[in-house]
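Modelling step: build the complete structure from the supplied sequences, incorporating the hints.
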Amino acid sequence: MIGNFLDQFWSLTFGGLSLGFIYILIALGYTMVYGVLRMINFANSEIFMVGTFATIIIIRDLFKFTQVSEYATGFRLWLILGTALIFAMLVSGILSMLVEMVAYRRLRRMNSGVLAPLISAIGVSMVLSESVRILTDSRPVASPRAMEKKFLGQFFDAGIRIDNTIIVISALVLFAILITFVNKTRMGKAIRAVSMNPNAARLMGINIDGVISATFLVGGLMTGAAGFFYTLKYENTSAFIGFELGIAAFTAAILGGIGNIKGAFYGGLALGLLETYASFFLGTQWKAVTVFIVLVLVLYTKPNGLFGEALTQTRA
Amino acid sequence: MFNLRDKGAEIWENQGRVGRIVIAVGAIAIVAALPFMGGTFLNTPIADYESVLVYPIAMFVLMAIGLNIVIGKSGLLDLGYVAFFAIGAYTMGLLGTKTGLNTWEILPIGIAMAMFSGIILGVPALKLRGDYLAIITLGFGEIVRIVALNLGALGRSEGILGIPTPPGFFGIEYAFDSHRIYYWTLLILILLAIWMVRRLSARRAGRAWESIRQDEDAAELLGVPTFKYKVWAFVLGASVGGAAGVLYASKTLFIAPDNFTLQISILILACVVFGGMGNIWGVILGAVILGYLPDRIRFLSEARLLVFGLVLVIMMNLRPDGILPRKKREKAIVKKDAS
Amino acid sequence: MKKRGLISVAAAAALAAASLVAVAPASNAAAKTITLAFQGPLTGEEASVGQDELAGMLYAIKLFNAKNKGKYVVKVVQADDQGDPAQSAKVAPGIASNKKIIGLVGAAYSGATIAALPYYKQRNLPMISPSATRVSITDPAAGNIGFPVFHRIPPTDKVQGPALFKLATKGVSSPKVFVVDDQSAYGVGLVDYMKPSIPAGQSAGFDSVSDKTTDWSATISKIKTAAANVVIYTGYFPQAAPFFKQLRDSGYTGILAGGDGVLSPTFVTLAPASVLEGVRLTAGTVPLAEIDAKLEADFVKKMGKASGVYAAESIDATNVFLAGIAKGVSTRAAMLKFVKSYSGKSLTGTTIKFDAYGDVAGGALNGFVVKGGVIKFDGPVK
Numbered sequence: 001m002i003g004n005f006l007d008q009f010w011s012l013t014f015g016g017l018s019l020g021f022i023y024i025l026i027a028l029g030y031t032m033v034y035g036v037l038r039m040i041n042f043a044n045s046e047i048f049m050v051g052t053f054a055t056i057i058i059i060r061d062l063f064k065f066t067q068v069s070e071y072a073t074g075f076r077l078w079l080i081l082g083t084a085l086i087f088a089m090l091v092s093g094i095l096s097m098l099v100e101m102v103a104y105r106r107l108r109r110m111n112s113g114v115l116a117p118l119i120s121a122i123g124v125s126m127v128l129s130e131s132v133r134i135l136t137d138s139r140p141v142a143s144p145r146a147m148e149k150k151f152l153g154q155f156f157d158a159g160i161r162i163d164n165t166i167i168v169i170s171a172l173v174l175f176a177i178l179i180t181f182v183n184k185t186r187m188g189k190a191i192r193a194v195s196m197n198p199n200a201a202r203l204m205g206i207n208i209d210g211v212i213s214a215t216f217l218v219g220g221l222m223t224g225a226a227g228f229f230y231t232l233k234y235e236n237t238s239a240f241i242g243f244e245l246g247i248a249a250f251t252a253a254i255l256g257g258i259g260n261i262k263g264a265f266y267g268g269l270a271l272g273l274l275e276t277y278a279s280f281f282l283g284t285q286w287k288a289v290t291v292f293i294v295l296v297l298v299l300y301t302k303p304n305g306l307f308g309e310a311l312t313q314t315r316a
Numbered sequence: 001m002f003n004l005r006d007k008g009a010e011i012w013e014n015q016g017r018v019g020r021i022v023i024a025v026g027a028i029a030i031v032a033a034l035p036f037m038g039g040t041f042l043n044t045p046i047a048d049y050e051s052v053l054v055y056p057i058a059m060f061v062l063m064a065i066g067l068n069i070v071i072g073k074s075g076l077l078d079l080g081y082v083a084f085f086a087i088g089a090y091t092m093g094l095l096g097t098k099t100g101l102n103t104w105e106i107l108p109i110g111i112a113m114a115m116f117s118g119i120i121l122g123v124p125a126l127k128l129r130g131d132y133l134a135i136i137t138l139g140f141g142e143i144v145r146i147v148a149l150n151l152g153a154l155g156r157s158e159g160i161l162g163i164p165t166p167p168g169f170f171g172i173e174y175a176f177d178s179h180r181i182y183y184w185t186l187l188i189l190i191l192l193a194i195w196m197v198r199r200l201s202a203r204r205a206g207r208a209w210e211s212i213r214q215d216e217d218a219a220e221l222l223g224v225p226t227f228k229y230k231v232w233a234f235v236l237g238a239s240v241g242g243a244a245g246v247l248y249a250s251k252t253l254f255i256a257p258d259n260f261t262l263q264i265s266i267l268i269l270a271c272v273v274f275g276g277m278g279n280i281w282g283v284i285l286g287a288v289i290l291g292y293l294p295d296r297i298r299f300l301s302e303a304r305l306l307v308f309g310l311v312l313v314i315m316m317n318l319r320p321d322g323i324l325p326r327k328k329r330e331k332a333i334v335k336k337d338a339s
Numbered sequence: 001m002k003k004r005g006l007i008s009v010a011a012a013a014a015l016a017a018a019s020l021v022a023v024a025p026a027s028n029a030a031a032k033t034i035t036l037a038f039q040g041p042l043t044g045e046e047a048s049v050g051q052d053e054l055a056g057m058l059y060a061i062k063l064f065n066a067k068n069k070g071k072y073v074v075k076v077v078q079a080d081d082q083g084d085p086a087q088s089a090k091v092a093p094g095i096a097s098n099k100k101i102i103g104l105v106g107a108a109y110s111g112a113t114i115a116a117l118p119y120y121k122q123r124n125l126p127m128i129s130p131s132a133t134r135v136s137i138t139d140p141a142a143g144n145i146g147f148p149v150f151h152r153i154p155p156t157d158k159v160q161g162p163a164l165f166k167l168a169t170k171g172v173s174s175p176k177v178f179v180v181d182d183q184s185a186y187g188v189g190l191v192d193y194m195k196p197s198i199p200a201g202q203s204a205g206f207d208s209v210s211d212k213t214t215d216w217s218a219t220i221s222k223i224k225t226a227a228a229n230v231v232i233y234t235g236y237f238p239q240a241a242p243f244f245k246q247l248r249d250s251g252y253t254g255i256l257a258g259g260d261g262v263l264s265p266t267f268v269t270l271a272p273a274s275v276l277e278g279v280r281l282t283a284g285t286v287p288l289a290e291i292d293a294k295l296e297a298d299f300v301k302k303m304g305k306a307s308g309v310y311a312a313e314s315i316d317a318t319n320v321f322l323a324g325i326a327k328g329v330s331t332r333a334a335m336l337k338f339v340k341s342y343s344g345k346s347l348t349g350t351t352i353k354f355d356a357y358g359d360v361a362g363g364a365l366n367g368f369v370v371k372g373g374v375i376k377f378d379g380p381v382k
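Protein chains in written order, with this note's numbering: chain A, 1 to 316; chain B, 1 to 339; chain C, 1 to 382.
It cannot be assumed that every hint is accurate.
Said to hold, decoys possible - Pair ranges (Cβ atoms, derived):
hint : chain 1 : residue 1 : chain 2 : residue 2 : range
1    : A       : T83       : C       : P380      : 31 to 41 angstroms
2    : C       : G251      : A       : K262      : 33 to 43 angstroms
3    : C       : A141      : B       : V22       : 52 to 62 angstroms
4    : B       : A32       : A       : K302      : 51 to 61 angstroms
Think of the hints as simulated: they come from the structure by calculation, not from any bench.
In this text, all values refer to a predicted model and were calculated from it rather than measured experimentally.
Glycine is no exception: its CB is placed at the ideal position from the N, C-alpha and C atoms.
Written out as C-alpha cells, the structure is:
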C-alpha cells in the first residue's frame, strides 16, 4: 500500500491541489460573508452552481462548441476562456448581491440573529436549485470541451495537465488580487472595519449596506470563478452540484479558520489533499468520515481553526 | 406587530384551573381528531392524508421538540440531528429483526443508544462553540449515514427489511396501515415530550439553559456548570430523536440509509426556526406546517419544492422570530445582546 | 439530442404543456376515462431518472389517446416520491386507496418500491417498474415481497451483473477487471451478483464511490496501481460520464463498461465523443434512436425533449397496461389478471411475458457500444 502510494504520490497530490484551489475560491464566498456578518451563507453553494452554468452558456451556446467540435487554440482559446471566466464571475457576483438583498438584508436590519437568515438562505438554495433543475429537464449538463487536455510535462511519474495548471495559476492570481483589495483599497478597509466592529464602523461614516453588498459581490465573484474552474476541469454540472461542494468548501473555511481569508486558502488546500489521500488509503467511501475526524481533531487543538477566526487578527 | 404567542399566553394565564383543563382537553381532542378530517380542505392530493399525519407531520413535531431542547433552549446549533433519528431507527431495525424483542422493549434501548451517542458526540463537540458545532454535528450526521451505508451488518444500501410492527394491547392492533393508531401513539409521545420539556424548563436545568443561551461566559462566571448542562441538553434532545426513530422504523417496516440524509436535519432545523425557536408551541406549529406543506401543494407538480423554498424565504423575512416567537421579555434581552 | 439554449423557458413551457395535454380531461363525453399512475422521483436531486421515465410513459399514453380518440382517455396521476423510501411510504397509501387508478408504472427505485409494496399488495394494485432491479423483490427465497402485484421490465441485477462482466471482458485475452459502484442499492447489487462470476485472477480490485463524487483522482490512482485493463462502473450516467472522462484523460486506454443505468441518450452528451468512444453498455432494451430514428424524432416532437434513461422500459411498461385498457379492462383485479397472462412484443420486438414472480421470462441482455458519440446496438450478450 505504501509503495503504491509513493508511486501515485505526485498524481494524487496534483489532483488534490487543483481540487483544493477550487475549494479555496468557494470557501472565500463563505468566509468573506462570515467575516462581516457572522453568518453561514448557505446559498453560496447555489451561487457556485449558477457559475458553472454561466460557463457552459458561454462555451456551448455563445461559442457553439459541441462534444464533437475541434478544440480551440491560440488566441481564440484564451478569448473563450477569458469570456467564460468573466461572465461566470459576474453572474455569480451579481446573484450573490441579489440574494443578500432579497434574503438577508431585511433580517439584518431587524437584528434577527443568525438562524433566521440561515433558514432564509436554505429557502433561497431550494428556489435556485429547483429552478435550474426544471430549466434543464432534471438532467445533468456537460460543458463541451473547448481546450484539449494535454500534458505540459512530467513531474516524476505524474503528468502536469494544462487545465490543472491554469486553475492553480489563475486561482493564485485571483487570491493575490483579493488580498490586495482587502488590505489596500478603501472598500477593502471598510470591509475589514465592518468585520471588526459594525457599530464603530457605522459611527465612522461607513455605509454598512454598501459594504455588505460589496462583500457579497466579492464573495460571489470568487465563487463564480470557482464555478468556471470547476467546469474547465470536470466539464459536468447539474442543478444539485453545489450541495456537496458547498459543504466541502465550508468545511475548508472552518478548517482554516472561518472569516479569515488566509485560512480559507490553507484550509482549501489541506482539504483537497486530505480528501484525495484519504480516498486512496481508506477507500473513497470513508473520505467524509476521515475529513470530519480530522476536523474535530484540529478544532480540538486549535479551537479557532488553523489560522484563527477574524478577517484581521485583532478581534478577540 | 400582533403577537399571537403573547395573546395565547395571556388567555392561558387569565384562566383558572378549570378553564385551563378545559382548554387543554379541548386542544388535545381537536388534535386527536385530525385523522378524521381527511375529507375536508386539509386533505392532501396524491399522498395519503393519514400517513402524512404520521410521517412527516407527527415525526417532525417530535423531532423538532427534541431539536428545540438543543437549539432553542441552550443555543447550540445542531445540523446533524438526523443521526439520533437514524440511531433509533437502526436499533429498532437490528434488534427487531435479529432478536425477539418487540417495539416497546426496544424503545428504551433505542432511546439509550441515542443518548449514549449524544454523549459520544456532545462531549468533544460541545467544547467548541457556535458555527463550529454546526459543522461537527453535520459531520456526525453524515458519519452515521455513511457507516450504515458501508457496514454489512446494517444492510448497507439495501437497508433492513421486515421490521416488525409493535405488538398491540387492549385490543389495539398496530397493522402497517393503521395510520391513526400510530398517529395517536405519537401524540402520546409528543405530549410526554412537551411535559418533560416544560417540567425541566421550570427547574434548575431550565434556568441554567436560559442563562447559557443568553450569555454563556456570564453564566460560567456565576457558577453555572455550563458544560454539564450543554451536554445534558444535547443528550435529552438526542433521546427524543431516538424515540422517534424507533417508532418510525416500526411503522415503515423497511429502513435504508436514504431515509436519513442531511436534508432531514436541515428541515427539522427549519421547523424549529420557522415556528419560533425556544417556544415549544411555535416549534410544534412550525413542524406541522413544514411537514404538511410539501404534500398539500403536490398539485403544483414539478414546482412544489420551488414554492416550498419561496415560502421559507418569505415567511422568515416576514416573521424573523418565527410564527410564535418566544416571550417578549426574553427577546428584548437577546436584542440587546446582539447589538 | 436537439441542442438549444440552456435557459430555454420555451422548452420548459412546452414540456409543461405536453404533460398537461396528456392528463387533460376528456372533452369527448363518449370516451371512457381510465387512470394510471406513475411513481418515481420527480423533484429534488434524483429527479433525472423519474422525469425521463415519466416522459416515456406520457409519450406512450399520448400515442394511445390519439389512436383511441373517442373510445378511451388515459390519465396519469404523477406521484413524486423523490426516490426516497420515506416519501414513498406516504405516497403509496394515497395511490393505493385512489380507486380510479388501475395500474402503476413504477416505482422507479427499488428502495421506494419496497417501502410502497405493502400498500399496493393490500389493495391489489398491479405495478410494472421500468427500473427497480433489486433481486430480492421477486426472489421467492427473500419472502416474495413483491408477489403478486409487482412486475418489472428490466432484467434483475442477478442477470445483468454477470452479463455486464461478460460483455466488458469480451475479446480481452487476459482481463484485469476493476469494478466501481456508486454506493446505491442498484450499483452495489450489480457488483454483489457480478462477483461470483469473476474468474480467479481476473479481479484487479473494487471501489465504492458516493454518487455525489465529482473528483475521481483517488479511484483513478487505484485503477492505475492495479494495472487494470477493464473498468466497470455500476451506477447511473450522470456520474459515469465524468468518471470515464477523468479516467481517459489520465491516460487510461483500456475498456470502459457500464449497465443500464448508464444507457441514456444523455450519457453521450456528457463527454467528448472521443473520450466515450468504445464504451460498452448492457441493458434489457435498446434506446429509442437505435430502434428507429423516426421513433426518437417523434418522441422529441411530442415531448419537447430527447428520450432519457429507462425510456424504452417505461414505454414497454405503459404499453402492457394500455393493451389491457384497449381490451376493455377497467378494474384492478382484471388488470392484474391481464398483466399476469400478458404476452406481447416490446419496442425492440422481444416478447414480454412475466413469470410467476413478476420478472420478464428469459430476459436477455443486449450489448451496446458507443461509436462516434452514439450508442450503437451490438447484439445480445452471449
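Now for the hints, and whether the structure bears them out:
{"no.": "1", "hint": "A:T83 / C:P380: 31 to 41 angstroms", "result": "48 angstroms, violated"}
{"no.": "2", "hint": "C:G251 / A:K262: 33 to 43 angstroms", "result": "35 angstroms, holds"}
{"no.": "3", "hint": "C:A141 / B:V22: 52 to 62 angstroms", "result": "58 angstroms, holds"}
{"no.": "4", "hint": "B:A32 / A:K302: 51 to 61 angstroms", "result": "52 angstroms, holds"}
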